[in-house]
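Position chain B against the provided structure of chain A, taking the given hints into account.
Same order as they appear, the protein sequences are chains A and B.
Numbering of the first sequence is given in the numbering used here, commencing with residue 1 and proceeding in unit increments.
Numbering of the second sequence is given in the numbering used here, commencing with residue 1001 and proceeding in unit increments.
Hints are supplied without guarantee of correctness; some may be wrong.
What the hints assert, rightly or not - Coverage of chain B stretches by chain A, computed from C-beta distances (three or more under 8 angstroms per stretch; other residues unrestricted):
| hint | stretch |
| --- | --- |
| 1 | 1026-1039 |
| 2 | 1061-1071 |
| 3 | 1105-1114 |
| 4 | 1142-1148 |
| 5 | 1157-1168 |
Unchecked claim - Listing some non-contacts, in silico: residues in chain B with all C-beta distances to chain A over 12 angstroms:
| hint | residue |
| --- | --- |
| 6 | MET1001 |
| 7 | ILE1002 |
| 8 | GLN1005 |
| 9 | ILE1007 |
| 10 | LEU1008 |
| 11 | PHE1018 |
| 12 | PHE1152 |
Everything labelled a hint here was simulated from the structure, so no lab data went into it.
Note that the structure is predicted; figures quoted are calculated from it, not measured.
For each residue, glycine too, the CB sits at the ideal point set by N, CA and C.
Okay, here's what each chain looks like letter by letter:
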Amino acid sequence: MENRIRLNGWHFFLAFFKIGGFTIGGGYAMLPLVREMVVRRKGWISEERFLELLTIAQGTPGVMMVNLSTLIGLELGGLRVALLAVSGAILPSFLSILLIASVLSRFMGNPAVLAFFRGAVPAVVGIIGGVVLQLAWRHLRRPESILAALAALGLLIGLGVNPILVILAALLLIGLKLKLASGGGR
Amino acid sequence: MIYWQLILTFLKIGLFAFGGGYAVLPLIQRELVVNHRWLTDGEFSRLVSVAEMTPGPIGINSSTFAGYVAGGFWGSLLATLAVCLPSLVILFFLHRMLKRFARREEEISNGVFQGLRPVVIALVAYAVFTLARGAFTGPATWLMALAAFGLFLMDETAIVPIILVFGLVGILIF
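Looking at chain A on its own, in the form it has when it is part of the complex:
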């Protein structure tokens, strides 16, 4: 566990709580915020390792954002930190739904709230789009990687294939390629 850091667990909880609170428009809205914190600002995890953790989070069942918080917690400080990260990340979601379901049902139709989200969600689209551009620019340098990404995107958007099937198909292809590269394998 070479990259374990002595973390103040409470700070970690608060950081994820804040991230969870600004996860507007679905789980992937969390990605730019988490990356900014753990990769860019604090430098706890390299971007390569972050992409590996994201790969695992996308390839396992469950809520992607819970998976990613768990993995970052495990990577940085083990199970205790993972639990703190996940509870921080889901608490804003839990509390706001609870408030709406119990006392704030009027909040639902509030035009100002609706308008806020109608403005904020396009901004989130732009921000995640910026992350995609940066990741693609840094990590998809070879033509075959770009082609592979476009093919995957075509399957997802054009044919509506479930993401997990796309990952499995890619794993199969990678397995074949590695086997061929090692001269037929063992």
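Frame of chain A, contents of chain B only:
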């Protein structure tokens, strides 16, 4: 016993919700509306719109909401914890296994992760696409997304201010 049923159902959703976000909605709908009738069709579509106007991933929002409707506060708490538990258990072991494997077979591990990079980035791009499909209601929203895109690339640390500013712009113009 309603609590027990909630726990089992949301463990199941947490365990079989492959693909994330909107790919999971049909599974959640089948469990909550068809199998258990905790929500009506109308309540489910209300849930989806609530999820769109509250922070957090839809998987958590829908668990909390359905748990509350079916079993009050404790129902919502148990449902939310149950949907997270499979992730925590699976990833606790998987993270260790993959780390150990990466130490033993570094080349294969790197090869697989690097090979998957295009797919991982494509999945993030796909999330942008899905989100945009719901969020782009007219030229103003396109422009706002484009402006946020540019601002983010200029200053990566300004994510939260960007979201807040465009939320306020939304209040002013919509």
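Against the structure, the hints come out as follows:
1. 1026-1039: The restraint on the stretch 1026-1039 of chain B is violated, since only 0 of its residues have a Cβ under 8 angstroms from chain A and three are required.
2. 1061-1071: Coverage by chain A holds for the stretch 1061-1071 of chain B (5 residues, Cβ < 8 angstroms).
3. 1105-1114: Our answer is that it holds, as 4 residues pass the Cβ test (under 8 angstroms) against chain A, meeting three.
4. 1142-1148: The restraint on the stretch 1142-1148 of chain B holds, since 6 of its residues have a Cβ under 8 angstroms from chain A and three suffice.
5. 1157-1168: Satisfied; 10 residues make the cut.
6. MET1001: The claim stands: MET1001(B) keeps its Cβ more than 12 angstroms from every Cβ of chain A (closest is about 21 angstroms).
7. ILE1002: holds (16 angstroms)
8. GLN1005: Fine: 19 angstroms to the nearest Cβ keeps GLN1005(B) off the interface.
9. ILE1007: holds (15 angstroms)
10. LEU1008: holds (16 angstroms)
11. PHE1018: About 4 angstroms separates PHE1018(B) from the closest Cβ of chain A, which leaves it inside 12 angstroms; violated.
12. PHE1152: For PHE1152(B), whose nearest Cβ neighbour in chain A is about 4 angstroms away, the distance does not exceed 12 angstroms, so it is violated.
Hints 1, 11 and 12, counting from the list given before, are not met by this structure.
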